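> The primary structure of each chain is shown beneath.
Protein chains: 2
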Amino acid sequence: MSESLQTERKNATFNIKELTDTLNGGPEETRKRKQIESLVFNTPAFHRQDRFQLSREEIYDYSIKVYGELIKLCKKENIEIRYDNPDYVRLVGCIPEEIPVGLHVGMFSSSISDQGTEEQQKKWIPLARNFKIFGTYAQTELAHGTFVRGLETTATYDESKQEFILNSPTITSTKWWPGFLGRTSNHAVIAAQLYTKSKCYGIHMFIVQLRDLKDHKPLPGVTIGDIGDKFGFDTVDNGFLRLDNVHIPRENMLMKYAKVTPEGKYLPPTNAKVAYSAMTLIRVVLVRGSAKALASASTIAIRYSAVRHQTETAPGKEPQVLDYVTQQYKLFPQLATALAFGFAGNYMIDTFNKIHSEISSGQLDALSELHGISSGLKAYTTDTATAGIEVCRRACGGHGYSNACGIQHIYANVLPCVTLEGENTVMYLQAASKVISTIKRLEQLRRSGMDQDEAWNTAGIELVQAAKAHCHYFIVKNYLRSLEKLNMTPSLRKVMNSIALLYGNYGIDENAGDFLESGFMTGEQLNLVKAKILQLLSEVRRNAVAVVDAFDFDDKYLRSILGAYDGDVYNRLYNWAKSSPLNKTEVHSSYTEYLQQLLKSKL
Amino acid sequence: MSESLQTERKNATFNIKELTDTLNGGPEETRKRKQIESLVFNTPAFHRQDRFQLSREEIYDYSIKVYGELIKLCKKENIEIRYDNPDYVRLVGCIPEEIPVGLHVGMFSSSISDQGTEEQQKKWIPLARNFKIFGTYAQTELAHGTFVRGLETTATYDESKQEFILNSPTITSTKWWPGFLGRTSNHAVIAAQLYTKSKCYGIHMFIVQLRDLKDHKPLPGVTIGDIGDKFGFDTVDNGFLRLDNVHIPRENMLMKYAKVTPEGKYLPPTNAKVAYSAMTLIRVVLVRGSAKALASASTIAIRYSAVRHQTETAPGKEPQVLDYVTQQYKLFPQLATALAFGFAGNYMIDTFNKIHSEISSGQLDALSELHGISSGLKAYTTDTATAGIEVCRRACGGHGYSNACGIQHIYANVLPCVTLEGENTVMYLQAASKVISTIKRLEQLRRSGMDQDEAWNTAGIELVQAAKAHCHYFIVKNYLRSLEKLNMTPSLRKVMNSIALLYGNYGIDENAGDFLESGFMTGEQLNLVKAKILQLLSEVRRNAVAVVDAFDFDDKYLRSILGAYDGDVYNRLYNWAKSSPLNKTEVHSSYTEYLQQLLKSKL
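Chain order of the listed sequences is A and B. Quick note: the first sequence, position 134, residue 134 per full-length UniProt numbering, numbers continuous. Quick note: the second sequence, position 509, residue 509 per full-length UniProt numbering, numbers continuous.
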């Protein structure tokens, strides 16, 4: 155990266990979480030591193994795989890999639950729940992402056979990006333009079998594969898919809302918005994921900054990096943000559960509101978290750049969230359409003679800024309210209040231009804010290590040498390096192939 | 050829060739560059198609092959490998991989040139220049980076044998991070604490042979290897090194300045600052590299945004993404920054060359000034460029996240520069010690009773901000001066002025808080700046593709499917995906290993 970390823990002014329980929602919740966690952390298959030294193929293979192990474990422990089952959420939360179960349950099954008729649910949900089929959700195409109406895949109804015929009419209509589509799934819910009686009725969802259940070979007319390497999500076989006259029965169109009769008559839906409910859930999950990712990165960077000593400031005195104000100014706002986003995530999931039960009972009014909030917060939290994670990584100096740090894998798995399920600028613009002041600006532009689209485009930069400010405001307000409601001892409350105040003041300082420009604040007031930040940094300093300890991440989850609980950084780094694949032999084969020739050649 | 790109090029209001020539320094310079480039681009070994699908080992192997080919090519074409040879700089500029020659020439040889005696230069430089030895530079240790005085490796003089004995006394003293140290180099210049007659004289440089020249095996007492995978620089075998009683002759200490006599008497240097000259060169090179990297990323993102159409704004009209103001606001400031940094890089290299010739003739006065400027600009340009490159990548939407985009590889190879050769916060603080206003702040703090180190720490945040502002100011000023000096036709000057104005106004808007707080500007004036930015974005829009074309990056250098010159994005993406290693078989082996079991099991 590093002496520096021991001292940090001894000096904390609050009880670490109390904060852990507070964040978990009570001691009983902590107990349940730890019980479930031990199931995962005691199964070696979930934690390959050489994870970060595997090739892409080996990583994919490993993720499929983890997938199988997870399902087996759930069966053995009688844990139902549903996102509304807290035990399952606890369990899957211990696995720091993307595996197919998320899309299978969260997008494939839930699309069928939300948009399928009762008969469709009866047929498909048990198959999916028992993993007799593996499903994913295929919407995005090579040339069409956020603009769903522009998708080109067609599903044309043939009333003589009572079948839909699916086609990818152009290269740009190739389905592209769906997770676990390339090699894993044998079914997908596919978004396609519905044609019947030679008329197009827009985008609808169809269940399509892609691979043979006996030998996993692609079915006739199906061209399918992995789309190649990418930044992050290396376990995932994001796929492409081309359909060439693929026939499916009429009953495979999801028909809870819109319908096509056996005779080919189109019956429109009563409410089109419901189509977005599965995607809204994913966004809520992404907000919580951002909070957890930033908390993990803060844990690593803060522990390492307490272990690392740097630069002699007085003879014989090399302070901990965490003692430098510049380092505190980088890291403590990230810690505060992780907590703020955690509370925002709690609010979102509560709201979603409330609204979702309303949807199930046919009340759809609140959904468009949640769609707006979830868009804005998804964009704001993923943007802010990725930036903050990178701040944490860089704050680890040179070693932050080694894979032994672990933060870059957190980054790589959060980064795609900036784009997936809705590119962030588009998300902000969706959220902005709720913000009152933008309406005024738009009216102004329209009065100047612009049409609505031109006005929206010209105001885009301000709209995005307004949406960010709105999200930020929402998160600060929710953070303070959440703290007020919690039951804490005075010593813990004092620490939590300092961190929340840091979050608020830091946010003002970061956006000082907006506050000053609008006259909400003077330069002198801003100086007070800056002075307050310095004071808060020094208050947080003493408890920083204890607060990240309270997140209670297991070393097996963090997978970080710099951020391990015991702080034995240098011995661990040296042992890790020795296991690098490039060190298998004393002399690498490239020597005999190339270097030796150079040495022998006359130059 | 994409129709969209054709239209963009037709609509440009200036001559692309004229801008290319202007950026290159005249038509003759362009001609020379293209001549050298054709040598590289016509040698297939330099451009493996499957580069982004190789494993770490294969990539390292490939980089060593490229190293060999480069040396062969230089020999054949009679191009001397020196950074003051423009032809060599042109040649190596076409190779988008990190290969050992940079450290060998830029750090190993130049340390010997700068700090070795004439005899040492006579002995070692021809061996290095003819690649009879492969060298690197080993300073950083496991627990000691920026704080050079804290290094623990020792070189103890044994006067009886007239040898130095090198040791790594602790685990934390293990040399860590030096590029191409792990598997490639057989020699290194090593920084160690010099001991003679039981007294320590601080850090000095020693030439140490690490591997046998016959079989490349590590010499007795040498433990050496690769430090494992990391974020970026995947071609490089960053290494660790432990020395256990390794003997080297007295003559292997670099003795141009400090000396140890055969009897073991230490003669101190006349000027200690010279030790940093090689590192200062690397920083200058990093400024130019940042500019080029950001120019490459801008090229990819701007071309792709012109090809990609998104969202129906009017029936049947799906505009180019580049038409959205939010997209312009992301990308055009990056383009402007790339140009600004390019001019800053030109200034730096001119200054370095001037000062370096003064150093060679023994005048060292200007060096500490260059050290300060180079620290600040290194930090500012690498920080800004990495952030800007990531903006470009995200602006490519979903496909920006595929390796086919190419921007993440630019990012990965620039990112380490934020930390290497001096962590950026430390760099800013070095630069800040030149900034007048900070001195006042420090005096204030010291009057309040703090000692100097405490005051420096407390003022750290402001010092870093002051240094950034100073660098930004320097770059804007240099940008405008450079444009003034250039000979351009009115049509080109108009375009270049718009971009420069965008850079200036965007900088004010980004740092509005500072301008408003200090009273330099009112909220109304800021609104004028914002309106001006909108106007400039629309001016730049028309010529954006033409300007990035003028950077004249060959497709083989860019290695981007989204940013290829012809804009045939979707066909290229589809073909690229089909070659993914995961697609080698119709059914992946993980199916039979894991998925089939799941399907068969009763759940």
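The set of hints was computed from the structure by calculation and includes no laboratory data. Keep in mind that the hints are not guaranteed to be accurate.
For identical chains, the list gives no copy identity; a pair is met inside one copy or between any two copies.
Claimed, not checked - Calculated lysine-lysine pairs in the DSS-like style (CA-CA distance at most 25 Å, straight line):
hint, residue 1, residue 2
1, K532, K584
2, K578, K256
3, K75, K600
4, K132, K494
5, K259, K65
6, K259, K532
7, K75, K17
8, K199, K440
9, K65, K75
10, K584, K17
11, K259, K197
In this text, all values refer to a predicted model and were calculated from it rather than measured experimentally.
> Could you run down the list of hints and mark each one as holding or not?
Quick rundown of the hints versus the structure:
no. : hint        : in the structure
1   : K532 - K584 : neither (54 Å within a copy, 60 Å between copies)
2   : K578 - K256 : neither (58 Å within a copy, 37 Å between copies)
3   : K75 - K600  : between (63 Å within a copy, 14 Å between copies)
4   : K132 - K494 : neither (53 Å within a copy, 66 Å between copies)
5   : K259 - K65  : neither (39 Å within a copy, 62 Å between copies)
6   : K259 - K532 : neither (61 Å within a copy, 52 Å between copies)
7   : K75 - K17   : neither (32 Å within a copy, 67 Å between copies)
8   : K199 - K440 : neither (40 Å within a copy, 76 Å between copies)
9   : K65 - K75   : within (15 Å within a copy, 51 Å between copies)
10  : K584 - K17  : neither (44 Å within a copy, 51 Å between copies)
11  : K259 - K197 : within (14 Å within a copy, 93 Å between copies)
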